[in-house]
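Peer 1: Work out the full structure, taking the sequences as your base and the hints as a guide.
Numbered as in the working numbering, the sequence shown ends at 412 without a single skipped number.
Please note that the accuracy of each hint is not assured.
Restraint-style ranges between C-beta atoms, simulated for each label pair [what the hints assert, rightly or not]:
id: 1; residue 1: Thr270; residue 2: Ser334; range: 38 to 46 Å
id: 2; residue 1: Phe286; residue 2: Arg382; range: 27 to 35 Å
id: 3; residue 1: His335; residue 2: Arg288; range: 15 to 23 Å
Quick caveat, the hints were computed from the structure, so don't treat them as lab data.
Virtual Cβ for every residue (Gly too), placed ideally from N, Cα, C.
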Amino acid sequence: MTSATPLETCLVLVTRTSDGADEVLLGRKLRGFGRSRVVAPGGKIDAGESAQEAAARELEEETGLRAQTLAPAGVLDFRFSHDALTQDMRAHVFIASDALGAVQDSDEIAGRWVRQDEIPYVEMWPDARHWMPRALAGTLRRALFVYGADGVTLERFEL
Numbered sequence: 254m255t256s257a258t259p260l261e262t263c264l265v266l267v268t269r270t271s272d273g274a275d276e277v278l279l280g281r282k283l284r285g286f287g288r289s290r291v292v293a294p295g296g297k298i299d300a301g302e303s304a305q306e307a308a309a310r311e312l313e314e315e316t317g318l319r320a321q322t323l324a325p326a327g328v329l330d331f332r333f334s335h336d337a338l339t340q341d342m343r344a345h346v347f348i349a350s351d352a353l354g355a356v357q358d359s360d361e362i363a364g365r366w367v368r369q370d371e372i373p374y375v376e377m378w379p380d381a382r383h384w385m386p387r388a389l390a391g392t393l394r395r396a397l398f399v400y401g402a403d404g405v406t407l408e409r410f411e412l
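Peer 2: Okay, here's the thing in structure tokens:
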């Protein structure tokens, strides 16, 4: 559904180095939009909340981790113009390289650390393979992803 005001959301790419390998925290979505896909932690930005505040809150709610620093990594716009059931979204992406705590599953996401050279893009939304490597490399600024009538097929994108 094409909407004048997209739903404001956030995504957090939590990174670390373990045994010499760069890793990112991803998880299997357990309910709601994107259920069963592998995703980064994140969610809706509440009224009166900044994108950064929402990212910190969502990260802790979904994984138990507390980010000391959330570095802005870019903005993603998603258009579902042919899908009357899905609202357009804007996702503010953050990188957290200094999160504290141990990963805990929540009712939203079952998190796990993944080597950055083994990210399971085939199990993710099709846009992830385009923006996530850029975000992790620090080169993402803005991107647009337009989905088709089925709400899951990526028709086109602009980086």
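Peer 1: Taking the hints in turn, state whether each one holds.
Peer 2: For each hint, the structure was consulted:
1. One distance hint, 38 to 46 Å for the beta-carbon pair Thr270 and Ser334, holds here, with the actual separation near 40 Å.
2. The hint said 27 to 35 Å for the Cβ distance between Phe286 and Arg382, and at roughly 19 Å that hint is violated.
3. A C-beta distance of roughly 21 Å is found between His335 and Arg288, which places it inside the suggested range of 15 to 23 Å.
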